[in-house]
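Number of protein chains: 2
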Amino acid sequence: MGKRLSSQTIKLDSPVYIISTASIAGSKEGEGPLSSFFDSVIQDPLFGEKSWEKAETKMVREAYSKLISKSGIPVSNINYIVAGDLLNQCTASNFGLKDSDVPVLGVYGACSTMGESMSIGAMLIDGGFAENVACITSSHFCSAEKQFRYPLELGTQRTPNAQWTVTGAGAVMLSKAGDPTKDIMITHVTTGKIIDKGIKDANNMGAAMAPAAVDTLSAHFRDTGRQPDFYDLILSGDLGYVGKNICEEFMEKEGFDIKGKYNDCGLIIFDRDKQDVHAGGSGCACSALVFCAYMYKLLKEGQIKNLLFMPTGALLSPTSSQQGETIPSIAHALSIASNCIS
Amino acid sequence: MGKRLSSQTIKLDSPVYIISTASIAGSKEGEGPLSSFFDSVIQDPLFGEKSWEKAETKMVREAYSKLISKSGIPVSNINYIVAGDLLNQCTASNFGLKDSDVPVLGVYGACSTMGESMSIGAMLIDGGFAENVACITSSHFCSAEKQFRYPLELGTQRTPNAQWTVTGAGAVMLSKAGDPTKDIMITHVTTGKIIDKGIKDANNMGAAMAPAAVDTLSAHFRDTGRQPDFYDLILSGDLGYVGKNICEEFMEKEGFDIKGKYNDCGLIIFDRDKQDVHAGGSGCACSALVFCAYMYKLLKEGQIKNLLFMPTGALLSPTSSQQGETIPSIAHALSIASNCIS
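Residue numbers (numbering that gives the first Met the number 0), protein chains in the order written: chain C, 0 to 341; chain L, 0 to 341.
Don't take every hint at face value.
Calculated from the model, a selection of chain C residues having no Cβ within reach of chain L, i.e. all distances over 10 Å [to be verified]: (1) 42; (2) 118; (3) 158; (4) 181; (5) 186.
Taking lysine-lysine pairs in the BS3-like style, the calculated list, with each CA pair at most 25 Å apart, reads [to be verified]: (6) L:196 x C:49; (7) C:10 x L:49; (8) L:252 x C:10; (9) C:2 x L:175; (10) C:199 x L:145; (11) C:145 x L:145; (12) L:273 x L:196; (13) C:2 x L:2; (14) L:175 x C:10; (15) C:196 x L:49; (16) C:199 x L:2; (17) C:2 x L:10.
No lab work stands behind these hints, which were simulated from the structure alone. C-beta atoms are modelled at their ideal positions from N, C-alpha and C, and glycine is treated no differently.
If we strip away everything but chain C, and leave its shape as in the complex, we get (with noise of 0.2 Å):
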């Protein structure tokens, strides 16, 4: 049962294990700086489907499956899936997993989405309601440019500011059994708040997140009295280039210098000055992507002991900034700890 530290921020009273992940990539990330720790990349966007929408569904459908596989936990053992995406309706989750078997807790946190479903399988563990609970998410650089921006076709020129959605899908395996003495386990989760500081310019959703970050990090530094030396690495999820500036600024001005220890998913998944990618990578996928397939690597060879690892979301709609509106944000924290050995 869950200790919980202030409003933001809980503590698990045991420890919830991060026992298996699972990583399908697209072609691009496949030609990135993580090409070789992916467990499978697609090379044709359609992935042998009739649309982009099914192309990701079965990317899901198959980065589950791959989860199953590699955890080597029975179906019939998993309690709970929480899972979502950026389609409408969460279409490539709900047509992935509906042949799952299992019961569904569908969630919507934009590109976030990784960050609150270990959230709430970590606490549905230590409450005692799971022994096993999967969390999927993923996203397609065509359904998303499709649904949110332009259609491909029209060529239209990307602005310097924007991010390239990431293409894959990534799966995590959580687990109330584990080894707190050799295993990788998540012992913090810090739930963001919805911040909205007026940006409006759907190109650049780095700066509308930036502030997310900051309060959701400012609020866990603060909850667990730790400072961002503790972590050998603090990551958000797809700020880019620009957001992530301005979270090292505004940190600053909190009177958290996270500067040495601070790094971005959207600045890993891709090699900038190779992809033309501009601000750098974002979607669902790019902290799935850099977590399941690069930092589980780096937790289990114990080269990370501690890691912050904080997904964030803009939460608008083509509808909303169409109507004018803001980019409202949230980012989602966990504390997981590795004590395997290096």
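Fit chain L to the given chain C structure using the hints.
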């Protein structure tokens, strides 16, 4: 800490109290059988705003505000808001709650949202992570028709199986604090699986959702060992006239006779003889309004002692329907007991 009865149902160790509800309804709902039970009825579908989406957003904001004043819980003591809606990217919830200053967990369960949010909220409280959780959802006939079906201006004729999306917002305050001998409480949570029996007609969502309702209901009775007779009322979310009949018939095949105990919110919120809603009401606000305005009153007056509340959701999108997909569905059930004195 919850006790797991089986793969789908948990029994809460300590009851979670429903200490307050709030409801804002549209004008058509205000002319229906429940007219006298809503906290307020809006006469103008735009609610003084410039778009239906902004009107729905305002309903969320006002329902939340009303919930806080009715419950008497200070904002600083609300640990989480769990909320979602039907609009793309759940913007009614996200914009409506952006100034709440409370951690937010966004959910997507289509019209099952009130069931999902109350399920998560109940587990967060029983798990020791929260003292108070606010659960909120909304829908709006005009924004839903615009997004899911046809522009209202076309005056498209509706099919006999079609349902009428309820305009409104409902909010529930869950709390750890209460008296089991005289209050209203959630005792069990049965979380639904995604069920898809191949229905493709987006104008017949009752038929699409009925199998999900049957699956969750059967699981609930199997898991708890209870028979339908245990409940004063078994209440599905928005199966409407078509889905309700299918549900009754299929439940009989499963070995459970629910006929005398069963009703559907979609048949309660409107008068089908007088209000021209065809198969009944639907939308997130359908089950939310019926519960928050009417059922809560019956529980409070002790007229209902045991309620099985099961909002139902059709997990389609316009894109999935246009691409020839079926309609996967889900239903989440909560067992609610009242020891209020009649």
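How the hints compare with the structure:
no. : hint          : verdict
1   : 42            : holds (22 Å)
2   : 118           : violated (8 Å)
3   : 158           : holds (21 Å)
4   : 181           : holds (26 Å)
5   : 186           : holds (14 Å)
6   : L:196 x C:49  : holds (22 Å)
7   : C:10 x L:49   : violated (44 Å)
8   : L:252 x C:10  : violated (46 Å)
9   : C:2 x L:175   : holds (15 Å)
10  : C:199 x L:145 : holds (24 Å)
11  : C:145 x L:145 : holds (19 Å)
12  : L:273 x L:196 : violated (33 Å)
13  : C:2 x L:2     : holds (19 Å)
14  : L:175 x C:10  : holds (19 Å)
15  : C:196 x L:49  : holds (22 Å)
16  : C:199 x L:2   : violated (46 Å)
17  : C:2 x L:10    : holds (21 Å)
Comparing the model with each numbered hint stated earlier shows that hints 2, 7, 8, 12 and 16 do not hold.
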